[in-house]
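Engineer: Residues 37 to 266 (my numbering) are what the sequence shown spells out, left to right.
Calculated directly from the structure, the hints in this document are not laboratory data. There could be a bad hint or two in this list.
Listed below are the simulated DSSO-like cross-link pairs for lysine-lysine, each with C-alpha atoms no more than 27 angstroms apart in a straight line [as the list claims (entries may be wrong)]: (1) Lys-66 - Lys-87; (2) Lys-80 - Lys-39; (3) Lys-114 - Lys-168.
Simulated DEER-style distance windows between Cβ atoms [unchecked claim]: (4) Phe-129 - Lys-87: 23 to 31 angstroms; (5) Tyr-161 - Thr-242: 15 to 23 angstroms; (6) Asp-210 - Tyr-115: 35 to 43 angstroms; (7) Thr-200 - Asp-79: 24 to 32 angstroms; (8) Met-89 - Tyr-110: 34 to 42 angstroms; (9) Arg-196 - Lys-168: 12 to 20 angstroms; (10) Glu-175 - Val-82: 40 to 48 angstroms; (11) Glu-157 - Phe-129: 32 to 40 angstroms; (12) Glu-176 - Gly-97: 15 to 23 angstroms; (13) Pro-186 - Asp-231: 32 to 40 angstroms; (14) Lys-39 - Thr-242: 21 to 29 angstroms; (15) Pro-260 - Thr-201: 29 to 37 angstroms; (16) Met-37 - Asp-197: 20 to 28 angstroms; (17) Asp-79 - Glu-176: 23 to 31 angstroms.
The C-beta atom is built at its ideal place from N, Cα and C for all residues, glycine as well.
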Amino acid sequence: MIKLYELAARDDAIRFSPYAWRVRLALLHKGLAFEGIPWRLVDKPVIAPAKSMTVPVINDGDYWLRDSFDICLYLDKKYGEKPLFNDITMARFFNGWVTKTVVHGLFPMIAADVWDILSDEDQVYFRNSREKFLGCSLEEARENREQVTPAFLAALSPVRDMLTTSDSKFLSGDQAGWSDYALAGNFIWARTVSDYEVLDDDMVLTEWFERMLDLFDGHARKAPTAHGWS
């Protein structure tokens, strides 16, 4: 059985890495059996066989692999049924866009919320490393999130336009695919750690995200969160 190493909170049941959620949704898409393994930021030796310092990492038999995009390419190559990708070149472009626009845009808004749910050891590591990245305290970034949300939502206009001009319910067409999982993983991350409703005033993206939460018998909707979302 495939093992998926996922970033966990103080509570093992809460898994919140946006990149790990991409892989989790991809595994569900392909109908592959897997076990989610809780991992914490200070547990670097555990994933050393993948030559990685971060998750997601998968272990499939004797094979270890890191990076959510590379993992999904591997899954499509080894397990050909129910492919994830329509166009790999465009998927690579979208992967980079999501990281720069969505991950980096969301992170300052929810970084302090992430810190709140981490284990004691991870809290020390996270604050020291992430405040250097942010250039301010986690709390200062959180206090500013309402001011930066409009610009963040405006940056998502390409996604919004695609959903409104297409007859399809998903970015990938009539059925969800990798592009949907790559984007949704970020909003599952925010939903898992924070009570801030970043999509609250965006009907198009909210309706798409609700459809994503309903996939696979409501798998993401049923996942434990820090704030008891339903």
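Engineer: Would you mind marking each hint as holding or not holding in the structure?
Structural biologist: Each hint, compared with the structure:
Between the alpha carbons of Lys-66 and Lys-87 the distance comes to roughly 26 angstroms, so the proposed pair stays at or under 27 angstroms and holds. Taken as a hint, the Lys-80 and Lys-39 pair is honoured in the structure, with Cα atoms around 16 angstroms apart against an allowance of 27 angstroms. Note on Lys-114 and Lys-168: the hinted pairing is violated, with a Cα-Cα distance of about 39 angstroms set against a maximum of 27 angstroms. Checked against the hint of 23 to 31 angstroms, the C-beta distance between Phe-129 and Lys-87 comes to roughly 26 angstroms, which is consistent with it.
At roughly 34 angstroms, the beta-carbon separation of Tyr-161 and Thr-242 lies outside the given 15 to 23 angstroms, and the hint is violated. For Asp-210 paired with Tyr-115, a C-beta distance near 21 angstroms fails the hint of 35 to 43 angstroms. For the pair Thr-200 and Asp-79, the beta carbons lie near 43 angstroms from each other, so the given range of 24 to 32 angstroms is not met. For Met-89 and Tyr-110, the Cβ-Cβ distance of about 19 angstroms falls outside the hinted range of 34 to 42 angstroms, so the restraint is violated.
Between Arg-196 and Lys-168 the Cβ separation comes to about 33 angstroms, which falls outside the hinted range of 12 to 20 angstroms. Restraint check, Glu-175 to Val-82: a C-beta distance of roughly 30 angstroms breaks the suggested window 40 to 48 angstroms. About 37 angstroms separates the C-beta atoms of Glu-157 and Phe-129, a value consistent with the hinted range of 32 to 40 angstroms. Checked against the hint of 15 to 23 angstroms, the C-beta distance between Glu-176 and Gly-97 comes to roughly 46 angstroms, which is inconsistent with it.
Between Pro-186 and Asp-231, the C-beta spacing of about 19 angstroms breaks the proposed range 32 to 40 angstroms. Here the CB-CB span from Lys-39 to Thr-242 is close to 33 angstroms, at odds with the stated 21 to 29 angstroms. Distance hint for Pro-260 and Thr-201: a CB-CB separation of about 36 angstroms, consistent with the stated range 29 to 37 angstroms. For Met-37 and Asp-197, the hinted distance range of 20 to 28 angstroms is not satisfied, since their beta carbons lie about 40 angstroms from each other.
Here the CB-CB span from Asp-79 to Glu-176 is close to 29 angstroms, well matched to the stated 23 to 31 angstroms.
In summary, the numbered hints that this structure violates are 3, 5, 6, 7, 8, 9, 10, 12, 13, 14 and 16.
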